[in-house]
Amino acid sequence: MIMVTGANGQLASLTLQELADRKVPALGGSRAPADGQRHLDFEDPTSLDLTGVSTLVLVSAGYAEDDQVIARHRALLDAAVRDGVRHVIYTSLTGTGDHLGFALAHRATEDLVKASGLGWTILRNGLYAELFGALLAWTLDGLESAFGDGALSAVARADLAAAAAIVASHPTVHADKTYDLVGDPITAEDVAERLEVTHRAIGLSEYRARILADDALLPFQPPMLASIASSVRHGFLSNSSPDLVGLLGRPLTDALAVAADTAAAMRPGAR
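Under the working numbering, the first residue of the sequence shown carries the number 1, and numbering increases by one thereafter.
In case anyone wonders, no lab produced these hints; they're calculated from the structure.
Remember, it's a predicted structure, so these values are computed and weren't measured experimentally.
Quick reminder that beta carbons are idealized off the backbone N, C-alpha and C, glycines included.
Any given hint could be a false lead.
[What the hints assert, rightly or not] Label-pair ranges, simulated between beta-carbon atoms:
#, residue 1, residue 2, range
1, VAL24, ASP44, 17 to 23 Å
2, SER240, ALA265, 26 to 32 Å
3, SER116, THR198, 17 to 23 Å
4, ASP35, ALA257, 23 to 29 Å
5, GLY52, ASP21, 19 to 25 Å
6, SER240, ASP21, 26 to 32 Å
7, THR172, LEU131, 20 to 26 Å
8, HIS234, ALA32, 36 to 42 Å
9, PRO251, GLU65, 17 to 23 Å
10, ALA201, PRO251, 26 to 32 Å
11, SER240, THR172, 49 to 55 Å
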């Protein structure tokens with residue numbers, strides 16, 4: 001049996017749907033399980049029941065500080081070893097993402113996965129096209145961002161879910177492999193042109209001041225967002241790789257269209 005963690009999250013739910021579409025039996029694990037899912041709370045080791053699971057798709061539980069994320073992942077991997085899981089697939093971060101403020105927990109987890117004694121596959125996911133679109137801010141004149149003219153090899157979340165489902169369906173074929181799953185580079189200016197509006201670049205200091213003043217963000221989030229802006233702006237996330245096309249066996253979803261659609265949906269008055 002395949003289990004996908006974080007079943008109610010966007011990537012995990014899409015992965016479960018992909019598996020269902022492929023007629024591959026799979027089980028979702030969640031802290032708040034829906035019908036047919038298994039209760040799985042990374043903060044409560046007594047809830048980590050992986051009996052009957054042969055392949056575990058560990059979707060990063062990255063919504064916290066590094067020490068919390070790593071502890072969650074370690075606890076789940078310990079349970080996987082205890083309960084006889086044979087293969088773990090970890091959704092990590094693209095190889096050029098080491099400059100990002102959330103990279104450490106991913107790299108530490110990769111090490112834990114490889115040291116677990118289980119079969120493993122690392123999916124180093126690029127940043128979502130949906131995220132890129134969501135990070136563009138609307139003004140009266142159009143869009144603005146701290147990305148400058150830098151490009152991001154953005155990838156549609158659905159493509160990453162499809163890749164995870166493909167690997168989970170035949171894990172031994174992908175044993176001991178690390179895939180860098182990125183899309184085609186796009187810029188904020190590209191998104192603005194697609195939406196027929198202007199794009200204004202702001203400085204990193206102005207952007208940081210804005211996100212630090214945003215009471216809706218948790219303390220660890222402003223540094224993460226600032227690191228994304230700086231990394232894109234300075235060309236560290238525009239890498240290319242054939243891995244995703246190779247896994248999918250088809251052209252990638254148009255990341256620019258996905259980013260533009262996301263930005264358009266966030267435009268004031270769009271809803």
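Each hint tested on the structure:
Take VAL24 and ASP44: their Cβ atoms lie about 28 Å apart, and the range 17 to 23 Å is violated. Taken as a hint, the range 26 to 32 Å holds for the pair SER240 and ALA265, whose Cβ atoms sit roughly 28 Å apart. Taken as a hint, the range 17 to 23 Å is violated for the pair SER116 and THR198, whose Cβ atoms sit roughly 50 Å apart. In this structure the supplied range 23 to 29 Å is violated for ASP35 paired with ALA257, their Cβ-Cβ distance being about 34 Å.
One distance hint, 19 to 25 Å for the beta-carbon pair GLY52 and ASP21, holds here, with the actual separation near 22 Å. The given range of 26 to 32 Å is respected by SER240 and ASP21, whose C-beta atoms sit roughly 28 Å from each other. A C-beta distance of roughly 32 Å is found between THR172 and LEU131, which places it outside the suggested range of 20 to 26 Å. In this structure, HIS234 and ALA32 meet the distance hint of 36 to 42 Å, their C-beta atoms being roughly 39 Å apart.
Distance hint check: the CB atoms of PRO251 and GLU65 are about 38 Å apart, inconsistent with the given range 17 to 23 Å. Separated by about 30 Å at the C-beta atoms, ALA201 and PRO251 satisfy the suggested range of 26 to 32 Å. Checked against the hint of 49 to 55 Å, the pair SER240 and THR172 fails, with Cβ atoms roughly 28 Å apart.
Checked against the numbered hints above, the structure breaks hints 1, 3, 4, 7, 9 and 11 and satisfies the rest.
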